[in-house]
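Hey, can you work out the whole structure from these sequences and the hints?
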Amino acid sequence: MIEKRNFSRVDYRKEAEVYVNGAKYQAEIENLSLKGAFLKIAHQLQIDDQLELVINLVSDANDFKIELKGKVVRLTPEGVGVVFERMDLDSFTHLRNIIAYNFGDDDAVMEEFYNYYRNTN
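In terms of my numbering, the sequence shown has 117 at position 116, counting the first letter as 1, and numbering is strictly consecutive.
Because the hints were derived from the structure by calculation, they are not lab data.
Please note that the accuracy of each hint is not assured.
Only pairs whose alpha carbons sit at most 25 Å apart, straight line, appear in this in silico SDA-like list of lysine to any residue [said to hold, decoys possible]:
1) K72 <-> H95
2) K25 <-> D89
3) K15 <-> E31
4) K41 <-> D108
5) K25 <-> V55
6) K36 <-> A24
7) K66 <-> I99
8) K41 <-> A62
9) K70 <-> V11
10) K70 <-> E86
11) K70 <-> E29
12) K25 <-> L46
13) K15 <-> E68
14) K70 <-> E16
15) K41 <-> V84
16) K66 <-> E18
17) K36 <-> R75
18) K66 <-> D91
19) K15 <-> I42
20) K25 <-> F104
21) K36 <-> Q51
22) K72 <-> S9
23) K25 <-> I99
24) K66 <-> F104
25) K15 <-> L90
26) K41 <-> A24
27) K70 <-> N57
Cβ-Cβ distance ranges computed for the label pairs, FRET-style [to be verified]:
28) D12 <-> F65: 20 to 30 Å
29) E112 <-> P78: 33 to 43 Å
30) Q27 <-> D89: 16 to 26 Å
31) E79 <-> E18: 15 to 25 Å
32) D89 <-> K25: 17 to 27 Å
33) L90 <-> Y20: 13 to 23 Å
34) G23 <-> E112: 37 to 47 Å
35) L58 <-> Y26: 16 to 26 Å
36) V21 <-> D108: 27 to 37 Å
37) D91 <-> G23: 33 to 43 Å
38) A43 <-> D12: 16 to 26 Å
39) V84 <-> H44: 32 to 42 Å
Yeah, the Cβ is synthetic: ideal placement off N, Cα and C, and Gly gets one too.
Right, dumping it as structure tokens:
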């Protein structure tokens, strides 16, 4: 299988909510990038299922939700691969911060995003 990823993935184990066709399911994020995630989820999903992934971030200062709209692009016995198709600016900023912190290089993460953006526009 040819690797199509343009973004570094980081291990990021966190509970999340997945909404599919109005129903809410619990999932565990295994890894994360600016363009997608791999999720463990008990509910059976299908390729091309549209979903919303909600990651709740809690801190002493405030609570925030990262809301990502995407679709299922890969199914394995361990979970599902999701590609993100839409997110608002606040969600992107928080997602980028999570990736950069866990990757260890903020500049490299942003360079990946700029290269991807330049190649798609």
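Starting from the hint list further up, note which numbers the structure goes against and sort them upward.
-> 4, 8, 20, 37, 39
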